[in-house]
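J.: In case you want the letters, here they are:
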Amino acid sequence: MMQNLALIILSPLAGFLITGLIGKRLPEKVTGWLGSLAVLVSFVLSISVFNQIAANPAGMHQKLFTFLSVGSLQIDFALQADRLTALMMLVVTGIGFLIHVYSIAYMHGDAGFYKFFAYLNLFVFNMLVLIMGANFLMLFFGWEGVGLCSYLLIGFWYENAEYGKAARKAFVMNRIGDLGLLLGLFLIIFEFGSLDYHTVFEAAARGDHNLGVITAICILLFVGAMGKSAQIPLYTWLPDAMAGPTPVSALIHAATMVTAGIYLVVRCNTLYHFAPVAQELILYVGIATSILAALIGLKQNDIKKVLAYSTVSQLGLMFVALGCGAYTAAMFHLTTHAFFKALLFLGSGSVIHGMGGEQDIRRMGALKASMPLTFWTFLIGTLAIAGFPFMSGFFSKDEILAEVFVHNKVVWALAVGSALLTSIYMLRLFFVTFLGSFRGTDEQKHHLHESPWMMTVPLAILAILSIGGGLLNLPEIVGGGMAHTLKHWLEPVTGKPAGEHAISHGTELALMGVAVAMLLGAWLYTRNKYQSKGVVPEADEAQEGTGRLLSHKFYVDEVYDAAIVQPVNTTGEILYEQADRKGIDRIVNALGNLWVWLGGLYKKVQNGNLEYYLIFMVAGLILIVGFNLFR
Amino acid sequence: MPELSKIPWPFLILSFISILCALYVVTSNSPIRSVLALILTFFSISAHYVMLNAQFLAIVNLIVYAGAIMVLFLFVLMLLNLNKETEPLKSNKWLIGAAVSAGLLLLVFTASIQTSSEHIMRHPEAGTGLVKSLGKVLFTDYLVPFELSGILFLAAMVGAVMLGKRDAANESDTEITGREEV
Amino acid sequence: MKPDSIFHTVEISHYIYLSCVLFCIGLFGVLFRRNAIVLLMCIELMLNAVNLLFTAFSSYMGDSSGQLFVFFVMVVAAAEAAVGLAILVMMFRNTRTTDVSFLSNLKG
Amino acid sequence: MRSLLLIFLGAIAILFAGLGKKEIRMLPWAIALLLGALVFIPMDWIANEQPDWVNHIVPYFMMVFDRSALAFMAVIIIAAMLVLGLFGQREITGSDQLGLILFSLCGALILCSFTHMVMLFLGIEALSIPLFVLAGSRKKDLRSNEAAIKYFLMGAFSTAIFLMGCAFVYGGTGTLDLSVMQRVIPGSAAMGGMTGLAKTGVVLLMTGLCFKIAAVPFHFWSPDVYEGSPNRTTLFMATVVKIASFSAFFRLFNFAFSSPLAHGNWSFVLAILAAATILVGNIGALAQRNLKRTMAYSSIAHAGYMLLAILANPLESFWALIVYSLAYAGSSAVVFYILNKVQEKKGNTEFESFNGFGRANRWLGILLILALFSMAGIPVTAGFAGKFLLFSAAFTGFKWLVIVALLGSAISIAYYFRVFRHAFLTEADGDIIKPEWQDSVFLAIAATVLLLIGIWPALITGLQLFELH
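Protein chains in written order, with the working numbering: chain A, 39 to 669; chain B, 60 to 241; chain C, 56 to 163; chain D, 9 to 477.
Mixed in with the good hints, there may be bad ones.
[Claimed, not checked] Facing chain C, from chain A, some residues (calculated, C-beta under 7 Å):
| id | residue |
| --- | --- |
| 1 | K483 |
| 2 | H484 |
| 3 | L486 |
| 4 | N631 |
| 5 | G646 |
| 6 | L648 |
| 7 | L667 |
For the record, the hints were derived by calculation from the structure and aren't laboratory data.
Even for Gly, the Cβ is constructed at its ideal location relative to N, Cα and C.
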């Protein structure tokens, strides 16, 4: 059975080679199904591995060959599967397969159809290497690989200057992250003399290592995670990445790649255990990201951008859980988020497909009638993410909130705020898109149709998962004997938390109540505003006139609107304009331009004149000799 | 710096000549005069070699440097008809820059010499610099580098011929490429 | 005075200073001059300063390897001069000048 | 020794065979020569002792062909084979050029095996003098002229400085023999360590070698000379010369000057130079519009990374340097081959000339990606393995330098990506280039090196089981 591990990663690799090399000559359907089949094989094998791991908590390990050995350092090309990996494997291959099938219909007729599947397969391969690698170097290979596929797929349709700009941003940000990760790796080699998970964590668990170095390692790894998982300040690339085809957004930028940072931190939980400073940092960065992205999400009108900011916000929430040491909660939310966010993205893809490429929600509306299946699944996704009782998002978010509540009340309040904002922007998106009246062109209306089965079946499956995903880790008050399945499942990896902050059932119920109440409020507000009144978000240029506000001032919800919602919205807008587009983007661009500017400066030094070169050389010589002598 | 009075006068005079000639080489604005001054410098350095009991090198220096290499320089100067031209010297900016650089380098050199020259063991052996003893070592221990210098010469010769010869086939119709008018 | 006796009265440091001065004069020339042929001559001057230093060390330490090194330096200097002058002549044929300040096609 | 002798004799034979009026195709012979030389290396490696006749000719204090020498020799011969194989078909005219390249290669091989300053000096000169000529071998091209004259004048100048360093070290240690030097150079405790003479001498030697590898601030020649020289010469300079100089650097500084005291003396200065080299190389490359010049700057940056090997613990960094050199040689060969072909079609090497290249030429496009990845150090190419090994070896001693190096390699991806963008993400139709079968063979060799070592660097680093000396 050991060969299974290698087969799991080799199958998508074979898929990549086949579709990439001969896919051009094959009919579209064959290429598409070949690509999907490759992932399906991985999925089936993953299930078998999962079953074995269930019986054997220690996990499996398979060394393929020695990658390199120098001095005392030896790094193997080795795969492993433990309970954390097994969970991720199912998510990646399962959702990956559904998205492959979806893409067969979605990408139908595209000139680069075979390339798309080759890239997708390559992505799955790299993602599997990332999660199944038995050491940090394998993780880094996967890390770089998924990043690469992400660029390739973002730029799939946009091979022009504008894309170049967006890609450059993604590039610089991920570079900063990778720099942190690599430095962390070198520091691990320096401190532990190995990159092997087992060796490193075993050594770290003994607790006799320099805590300063471990903290530095943890922070550097987190910098890597920030880049990949889009946290402040390295998050603005993710909304821009929405330029790629929608299945890509669903697979890479919602369900799998962006969660690599979470996986990394959970994987290194032994190290983080010794680095409370790093954990605090994660907590604060996470909550700040969550709030910021949720605020910005309120004012977005591009259906995919809303979802993108929502992803950033949810990832922030997962980091909040990690910051509290609640690894199970983070993994739980990661899993359910993968279900419902993939569902939402695929749903939006279905909408975009139906609308003939339209992405602006202001030109949609009343899609319920023509796209019933998309409507219902999207509704399920929305409710799941908004935390409708007993759906997956309800349990996972609730668990995070409960953990934060114990850990830090202020952060909890902020997290609750973020959850509320999430409900609002998701419901707004839903109402504006599917209800109200149709605002598109006649041509679009005529063209409007439900998507083919290859797109709707994955939607349906994901919808079922979004509803039932909560079963993975029910809280005690609901699940009784079946509670905390995931927590027990992950215990071999995350260990039994020492000071289990068990909160009383009463408090837990109260927290749930708060969540439900908030959802209800958000539902009423958005329903009133966007469905009943049919308010359509204004175009970006037209600001809400104060005059109109005044004329309706005796309406309670208008007051509410002015007192709370408007400031929140404005904050979102300002954040988007100032922090996102101007602040972080400018800094990142400036960071890139700085080097180019320095390059231009250097060009003047290299002026082609031998005399200058000679005198520079002599000056350098004098400095070197003098410095060395008088040092 | 040791006192000048303690230094034997032949050394002083020779050094004086060397430095003077060297300075003339670098400051004269006529290449031809530079060459001649350089030959004089080499003669004075050969005299130093004699004083150092390095007779073999003294002779080789005269034959190879002053004889062969400098004649080559003169020949090229004549060939290129640069003997009459006076070369425009660089501006004062360059003069100062070059002088300061050279001065500073001299400074760091002397600083590094300051403490170390007394550590040099003094084991003068009379016969070291003679042709006989040098030749013996050259053709035993130093045989490999000697052969290697043969390759070097061959390579240099081939290279010089390659650059110097005119490509008979396409000499006339080949335009000079890459010229960018200033 | 016999050369031998002079040799015994001159400190090694004098030779070191002398050759450093000659070396720096040569270096000054390299920086100051613009005729490629003169530049090459200045480099030859620097090489000679090095040779003098080697010979002085060699004689004082009674070790023949320094003087043999000088022999090889001379060989290489000859080879270098031959190639260098060939390059200069080639350049002169194309540009009618040996002034290095005009070389600035390649830059940036 | 046998490899060196073979190449030396072969070079003379090829030179004289070309004197006749009849045109003979020399290139296959030259490549066969290199192959033969390469075959000797594993044989010597396994035997690990020199035959008696070698010991008679070459005393151990002049040259030693130990395993560390053999490893570098193998890399250099492979690099030279790629140069000849990829550029030989039409580029090299006449047996004189071929002979000069082989003579230069002899110099490079000497730089792998010297144990005496005389051999080091002669090796450097044997390497350089033919190159001065080759840089100017397009006689009617003013750029080639300019490259030759700049290279020559700066090279001769740096030789003078290098020799001054030799003289200082000779004065400071009383010997030119590296193994004696290693014993003597820390100086006695009474003298308080190294004398000023030796200290300065070591640094002057360092600057002389820094010139050859184009490290800041002695790098000024390299962008200009690389751009102006014919492509094959540039590739030869970028790969063979650079690797050979690094071999010399490694041998000199990690053998003769390796005692802790001496190391502490020169390592800090060298670390600063390495950092400056990495930054200048990468920053300079960012501002370029011309691929050839970009490659020149990138080679400066690569020299900076490779300097890390000199600084790190030699036991670890030796194989890192070998892997890196192989990766560098392979990827440079591929890029320069493509660059040369494009220049033949379009007449220049501006980035715009590469528009649409990757679309028009599928396999060459994939190769180009592979080479660029390797240069940028993206897994799983040989370049990544090399960088990883280098950086992790240097991390213990020079953390700040590794951070600078990582920053540099992050910057470098920007300009490698620019090449990629022009070749793949532009609409224009590129010219279709059909490599001849000989070229394909050598391209395949380069690609194999890049991929195989990238996926399995243990292939090379596993050799550490053998004793080096």
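J.: Taking the hints in turn, state whether each one holds.
T.: Hints versus structure:
{"no.": "1", "hint": "K483", "in the structure": "violated, 58 Å"}
{"no.": "2", "hint": "H484", "in the structure": "violated, 58 Å"}
{"no.": "3", "hint": "L486", "in the structure": "violated, 57 Å"}
{"no.": "4", "hint": "N631", "in the structure": "violated, 19 Å"}
{"no.": "5", "hint": "G646", "in the structure": "holds, 3 Å"}
{"no.": "6", "hint": "L648", "in the structure": "holds, 5 Å"}
{"no.": "7", "hint": "L667", "in the structure": "violated, 14 Å"}
Hints 1, 2, 3, 4 and 7 from the earlier list are contradicted by this structure; the remaining hints agree with it.
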